[in-house]
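Chains as they are written, first to last, in full-length UniProt numbering: chain G, 1 to 421; chain U, 1 to 403.
Calculated directly from the structure, the hints in this document are not laboratory data. A few of these clues could be false.
Unchecked claim - Taking lysine to any residue pairs in the SDA-like style, the calculated list, with each CA pair at most 20 Å apart, reads:
no., chain 1, residue 1, chain 2, residue 2
1, G, Lys322, U, Lys16
2, G, Lys2, U, Pro324
3, U, Lys16, G, Leu153
4, U, Lys346, G, Leu153
5, G, Lys2, U, Gly287
6, U, Lys285, G, Gln301
7, G, Lys2, U, His329
8, G, Lys327, U, Ser73
9, G, Lys27, U, Lys285
10, G, Lys2, U, Leu320
11, G, Lys2, U, Asn286
12, G, Lys27, U, Gln327
13, G, Lys288, U, Leu320
14, U, Lys285, G, Asp304
15, U, Lys16, G, Ser318
16, U, Lys149, U, Lys190
17, G, Lys27, U, Lys346
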Amino acid sequence: MKHDCLVIGGGLAGLTAGIRCAEAGLKVTVLSSGESALTFSSGAIDVLGMDTSGMPVRHPFQGIGRLIVEQPDHPYALLGGNSVYRALDWFQGQVAETGLKLVTAKILEENHWRLTAAGALRPAWLSQPTAGTLDWDFDEIRRVVFVNFTGFLDFMPELASAGLKTNKAFEHVCVSSLNITLPLENGSGATADTMRSTQLARAIGESDIELISSTLLEKVGDADLVAMPACLNVAGRNWLEELRRRTGLNIIEVATLPPSVHGIGLLRALRSRFAALGGFYVPAVPVKQGVVSNGRVESVQTPDDILEANHYILTTGSYFSKGMTSKQQGVSEPVFGLDMQASEEFCDSRFLAREGHGFNRTGVVFNKHLQPSINGQSIENLHVAGALLAGYDPIIEGSGGGVAISTAWKAAGEVIEKMGL
Amino acid sequence: MNLFKDSDRSFDSCLKCTACSSRCPVASVRPDFPGPKQCGPDGERLRLKSPDFLDEALKYCTGCKRCEVACPSDVHISDIIADAKARYGKGNKFKIREFLLSHTDLMGTMTRGTAPIVNAVTKTKTAKVVMHKALGIDQRRQFPPYAHKSFRSWYKAELEDKQVFARNVSYFHGCFVNYNLPELGIDTIKVLNAMNIGVQLLKKEKCCGVPLVANGFHKKAKANARFNTDSIEQAIDSGSECVISTSSSCAFMLREDYPRMLGETEGNPHQQVNYITRFLTQEFKNGNKPELKPVNLRVGYHSPCHLIRSGGVLHTLSLLREIPGLQLHQLESNCCGIAGTYGFKKENYNTSQDIGEPLFHQIEEGEFDYIVTDCETCKMQIEMSTSAEVIHPVSLLARALDV
Ligand SMILES: Cc1cc2nc3c(=O)[nH]c(=O)nc-3n(C[C@H](O)[C@H](O)[C@H](O)COP(=O)(O)OP(=O)(O)OC[C@H]3O[C@@H](n4cnc5c(N)ncnc54)[C@H](O)[C@@H]3O)c2cc1C
Ligand code: SF4
Ligand code: SF4
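Starting from the given sequences, assemble the full structure and let the hints guide the process.
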């Protein structure tokens with residue numbers, strides 16, 4: 001049976017492309033293998049956090065306009081600020097259909113700050129509802145407290161508060177940490193030090209919430225911001241809302257070390273939306289090789305089968321996801337052997353150089369329709385999107401989520417147009 | 001399964017990424033289960049130093065292999081845990097229970113001719129209390145009813161002489177089809193015959209061994225593996241193109257685990273074993289597709305853990321998509337919680353039901369005519385825990401021949 005569209009790779013980009021194709025009525029299947037970057041991510045979507053001079057970006061879509069003048073090969077240059085905005089707006093709506101209401105800053109078209117587990121502040125476009133959004137100016141904040149539950153290892157409040165203290169804007173803010181020892185009512189006798197965030201969420205019961213509330217009111221009742229590990233809103237138990245209600249405090253969740261409850265929650269929402277639109281998600285089927293002739297993909301091979309489709313979208317991610325492999329001869333794309341843009345300086349010797357690592361900018365080259373090429377010849381029915389693209393640095397720019405979503409949205413749009421829909 | 005050789009060294013390639021722990025159904029509902037990373041690669045390192053490091057909590061692992069699906073580094077996490085349980089685990093007090101639950105073929109044979117009585121008895125309150133107290137089988141469990149006539153005797157009586165086709169396959173029906181659900185076997189033959197393929201049974205077959213391994217009867221499992229392998233070889237030699245199975249778990253055992261259990265990797269017949277949807281999609285693709293009439297139903301598809309592990313979800317989905325008129329919705333990928341005989345044990349009952357909760361919820365909300373799944377124990381669990389009726393993909397296909 002022939003598919004209208006086969007998406008190879010089931011991460012943020014693959015599911016976004018799948019959802020848009022399915023929404024347009026295409027028969028689309030996503031093939032995936034292993035986990036994706038989302039499982040480890042904060043569950044927030046960054047569009048553009050830093051400009052080329054290293055300054056935080058307050059208006060990301062205007063920032064994209066400036067960025068693409070300086071870097072015409074950047075994936076964003078194919079879309080422009082307006083289209084990137086449209087893609088993200090559409091994405092937010094799709095996720096909201098599943099009940100997950102990702103939030104933006106209160107002011108139109110502005111980034112907000114999100115707080116990381118290391119106490120760093122990053123400009124973000126969409127955040128998880130329980131992580132909240134911090135306003136661009138911190139004028140109102142005088143006291144911040146990082147709270148952990150004694151023994152829980154995937155969140156380190158001391159580290160977080162020390163991290164935040166190094167931020168100039170927090171020079172005069174009182175930042176501290178607090179550990180609360182919980183009885184863990186539903187923990188079956190296990191202690192927090194053996195638990196992951198998802199388990200902690202289960203182990204917490206009414207008596208724990210009572211203890212957290214009373215301790216907060218007693219010890220940090222005057223805090224303007226209380227940050228806790230993201231483990232309070234899992235599997236339908238929204239303890240966070242309950243704590244906010246009981247204490248009246250401004251409490252937010254911060255993504256912990258992986259596994260990340262928020263990242264997994266976003267992944268789950270995307271899969272559920274895709275299935276609701278009639279898409280099929282196939283786990284544990286790695287695509288081994290693509291068969292290309294005369295500038296067209298004829299089929300792709302999995303360990304068991306040869307699969308055929310009218311169109312293919314490749315979203316296999318970066319190194320960790322095996323979308324690119326790096327050997328001595330250089331970097332390559334293992335499924336089709338697509339043309340790659342290697343950076344002259346593969347890895348900068350200064351670890352966090354301002355310009356970023358060549359390593360991160362390396363990737364698959366593409367034309368204005370997001371079609372890749374082999375030995376210079378474009379592949380007509382193959383489109384690429386997400387972390388495997390060349391020409392951008394998700395880490396330095398703070399653009400990982402935005403590039404994955406907007407390029408996948410565009411790749412799907414190209415396929416939809418070609419199918420005449 | 002590597003119980004049959006030395007320690008699995010795949011733990012050496014663990015990257016400590018925690019992907020496995022994020023996907024473990026048991027860890028997500030049991031705060032006292034340390035999860036695959038700790039129990040598998042981390043724990044193995046320690047256990048090699050001293051068996052004292054064996055964590056009691058290992059017994060909660062269901063062997064679902066979802067951790068292995070998530071692992072980017074091909075660590076055989078579930079095998080390592082199963083191995084450690086067998087190697088270092090102390091015996092438990094429910095030996096008889098483990099025996100009864102795992103010897104599915106023996107239990108089936110014993111009920112021959114007495115099925116109505118056994119079915120009635122296992123439903124009574126007294127029997128349930130006795131099973132709960134004395135045997136440790138949870139009294140809230142429903143037992144699958146035994147069929148009045150086994151599939152094998154039905155086949156011998158009704159069909160054996162009618163299977164005269166140019167092409168033939170052999171059918172490993174397994175215990176469930178034989179003793180509990182002969183209808184599935186009959187549907188399978190109907191579908192294959194409609195494609196001009198004859199169906200033979202193996203001369204003899206024994207339980208594939210999945211429940212034996214899960215309950216610590218490794219010697220017996222290995223003996224069954226040897227026995228079935230000989231039968232498979234014989235079938236291939238006498239002209240069957242391959243061996244098919246309609247149970248995703250039996251197929252996984254025969255194809256993936258037997259070679260390792262028996263220590264044979266080259267030239268064995270295990271590669272000739274196909275889960276049915278794999279075989280059928282290949283045939284359809286080669287143009288051998290029966291005429292299918294519309295089946296106007298709305299169904300939800302639940303993918304069993306071991307089918308996911310073997311990459312077979314693709315085949316079942318592809319097959320179901322061939323049925324005209326079918327409104328097919330893929331359910332979220334959640335374990336149903338039963339994990340073979342695991343959920344029958346009283347100490348696991350709550351864990352089992354908690355794991356399945358999100359799936360049951362989705363099924364009740366979805367207003368489906370049927371739930372479709374490939375695995376017999378998933379079927380039992382879903383039918384016990386929801387109001388849904390569950391059918392096998394092949395039975396759905398058989399309906400498309402009829403309607
Ligand atoms: C630790 C971490 C934290 C991050 N945090 C943030 C954040 O807070 N905000 C933000 O905006 N961005 C963040 N990012 C960046 C962002 O998450 C990624 O850029 C984005 O998710 C990439 O999505 P992708 O779909 O392109 O690739 P991936 O997520 O890598 O997905 C690729 C998928 O393809 C599969 N695959 C690979 N090869 C094959 C094959 N041959 N056959 C079938 N399947 C295959 C892989 O298994 C994987 O599932 C983070 C990234 C990482 C790694
Ligand atoms: S096999 Fe299943 S239950 Fe056991 S550790 Fe892996 S994911 Fe958890
Ligand atoms: S997923 Fe694999 S590599 Fe990652 S921690 Fe688990 S066993 Fe190790």
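| Holds or violated: G/Lys2 with U/His329, Cα cutoff 20 Å? | At roughly 19 Å apart (the allowed maximum being 20 Å), U/His329 and G/Lys2 satisfy the hint.
| query | Between G/Lys27 and U/Lys285, does the CA-CA distance stay at or below 20 Å? | reply | Roughly 17 Å between the alpha carbons, so the hint for G/Lys27 and U/Lys285 holds.
| said: Given the hinted pair G/Lys288 and U/Leu320, is their Cα-Cα distance within 20 Å? | reply: violated (25 Å)
| request: With a cut-off of 20 Å on the C-alpha distance, tell me whether G/Lys2 and U/Asn286 pass. | output: Roughly 13 Å separates the two Cα atoms, so the pair holds.
| task | Could you grab the alpha-carbon distance between G/Lys322 and U/Lys16 and see if it respects the 20 Å cut-off? | result | Given pair G/Lys322, U/Lys16 holds - Cα atoms ~17 Å apart, limit 20 Å.
| said: Please verify whether U/Lys346 and G/Leu153 have alpha carbons no more than 20 Å apart. | reply: violated (32 Å)
| Do the alpha carbons of G/Lys2 and U/Pro324 lie within 20 Å of each other, as the hint requires? | The hint holds at about 15 Å.
| task | Verify the proposed pairing of G/Lys27 with U/Lys346, using a straight-line Cα cut of 20 Å. | result | violated (44 Å)
| request: Could you grab the alpha-carbon distance between U/Lys285 and G/Asp304 and see if it respects the 20 Å cut-off? | output: holds (13 Å)
| message | Just to be careful, I want the Cα atoms of G/Lys27 and U/Gln327 compared with a cutoff of 20 Å; is the pair within it? | response | holds (13 Å)
| message | Against the 20 Å threshold, does the CA-CA distance of G/Lys327 and U/Ser73 hold or violate the hint? | response | holds (17 Å)
| said: Just to be careful, I want the Cα atoms of U/Lys285 and G/Gln301 compared with a cutoff of 20 Å; is the pair within it? | reply: holds (14 Å)
In this structure, the hints that do not hold are numbers 4, 13, 17, in rising order.
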